[in-house]
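Place chain B on chain A using the hints.
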Amino acid sequence: MSLFASFDWTRHLVVLPVLLPLLCGALLAPLTQGRHNLKFAASYGTVLALLANALALVWLTDGGATPAWASHIGVYFAANWAAPFGIALVADRLSSIMLVLTAVLGLAALHYAQPRWSRIGVHFHSLFQFLLMGINGAFLTHDLFNLFVFFEVMLAASYGLVLHGYNVARLRASMQYIAINLAAALLFLIGVAMIYATTGTLNMSDLAARVPQLAGPDAGLLRTGVAVLALAFLVKSAMWPLGFWLPTTYAAASPPVAVMLVLMTKVGAYVILRVWLLVFGSGAGDSAHYGYDALLWGGMATIVFGAAGLLATDTAGRMAGYAAIVSSGTLLAVVGYGEPLLVTAGLYYFLASTIAMGAFVLLIELIDRIRTPGAAMLALTMEAYAVEDMPAEPKGKGVPAAMAFLSLAFAACALTIAGLPPLSGFIAKFGMFHALLQPGADGSPIGPMGWTLMALIFVSGLIAIISLMRFGVRTFWATESAGPPRLHTAEVIPVAGLLLASVILTIQAQPVFSYLARASADIHRPQTYVDTVRGTPPVPGPTQNREAP
Amino acid sequence: MEAALAIAIGIVFASGIWLILRPRSFQVLIGLMLMSYAVNLFIFSMGRLAVDRPPLTPAGIPADPAALADPVPQALVLTAIVIGFATTALYLVVMIGARGLTGTDHVDGEEDEP
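Line order of the protein sequences matches chains A and B. The first sequence finishes on residue 549 if you use my numbering, and the numbering steps up by one all the way, no holes. The second sequence finishes on residue 1114 if you use my numbering, and the numbering steps up by one all the way, no holes.
Okay, chain A solo, but in the shape it has when bound:
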């Protein structure tokens, strides 16, 4: 009993987002496709549990009610090795809200995949769970090499999922996607090795504590190492000129997988945010604010590239890809601008744009049915030799007023992505403009870079609305369709659910914003992390407890 009495069990919640999907994925792997309903139920249950767990983490980190969470940071030592020697998982406000976002998108993708996509290939559910494990792990880990491992778990699962529903387009896209990610992984390793060589640590907090003490050639070598490391994340978050792989891959992937790809693009931006603020914050001595300019310029170039791509393309899949590029460019520029207030608004934009993009990529397939009704799409995707038994047309009632639903949902997505009122995209952009116009931390007014960034965000929104409305007019008003498309309820619910989440985000903007402001304040104070992670003792072993009087 004393084993539990001396230790706050809530700390174990930090490792559950990694363990649950790992267990579920492993258990599902040997089951045959015949047990489809069982597999789906297990997978769905796991994602629901992940959502509950993530909400509990949000509550714990924000409340700080128990002693273990007093600093609003939960630390879990893998195998009970104290930091900085072992691997630490750290849940703070930012990573907790990211876990919620992952679970929400995972739930929508899984629900959407239920009638059709999860049945047309083997191991969809296992790969999906491993993908969730990798993403959750990347959000939680506090160790650079462990981050590499979680990235590889996430990527390996995504390679399998991008290929899901095997056809020529997916194979071509996958070859390039895999090759570019393998090369990026090598850069990641070089960066990690150089950081270890100069500082002798891989723990992020320990690194943050040691960077200010470096000087001379060592500091230069460290900055080179982190820059090489950042390249790997920037490939993932598709910064210009590293993001040419993205639109092709997005357009080729099946819709439930594309939802997760949208999130994976954001994981790159998240890691940049985390590592940069922790390691190169204002307290980093010689290295303070290293690379901020590169992120700002790169982010702005990415916005321009994405906006140009949006104007130039007329297929919905590629449009989603370019919209994702614009949004990750905006995030990178926000990080590079280096104002805490702007980061808060940027985090809100992170949530709003990811949810809207998730709904949009799911909608694309449904909208395509206006042009190619019936099972034509399915027949196309099932060519080749992946599956012999074709699943029957989804049973159940068709959804009434399908056209009205599709067009309204499309309009809602377009408004959010472009940042027009009344949905969450507008609040996000309004928040960013507001933060840009505020005087900076040193009292300086907005400079030319601020104006440029503001203009770019504004113009990219305008271009997004032009491009999306052009597509909408062509599809909904100018298509000679035989009749309304047949939609399955299981395909409509996730889209509606994501849009509902977007509406909730809009109505509850005040609490969400204040939560994100606290999260942003946390990550701008690296010292808290250093103190908490170094100061947390490992769990006392059973023998030590017995010896205690």
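Rather than coming from a laboratory, the hints here were simulated on the basis of the structure. Note that the structure is a prediction, hence the values are computed from the model and not measured. Any given hint could be a false lead.
Label-pair ranges, simulated between beta-carbon atoms [unchecked claim]: (1) V1093(B) <-> A521(A): 44 to 54 Å; (2) W59(A) <-> P1062(B): 46 to 56 Å; (3) A1008(B) <-> M469(A): 28 to 38 Å.
Idealized CB from N, CA, C, for every residue including glycine.
Just chain B now, kept in the frame of chain A:
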């Protein structure tokens, strides 16, 4: 010793970069493998080069840090080898699949017009 190793890693890595820019998928695969070998050597050398220093402490004797090699890069390189091996094998499978389905081994899945 450092210079020789640095030059060797550089040559292997440069060959890898040249190969991944080639149009045939098999060349890309070999390029990725060469690059990963170079990176593995690089990680290993980040623990500083030394001869005759084991990364282990004999049981019962107090450890002498000066006589030991840094074990962390060696552990990292093992993990990196395993992961790199697995992902390369996966790429090989996709490559064979693409060759079968598109009928060409060009990385774009179609031949350039002559």
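- [ ] Please name the hints from earlier in the document that this structure breaks, with their numbers sorted from lowest to highest.
- [x] Result: hint 3 breaks, nothing else.
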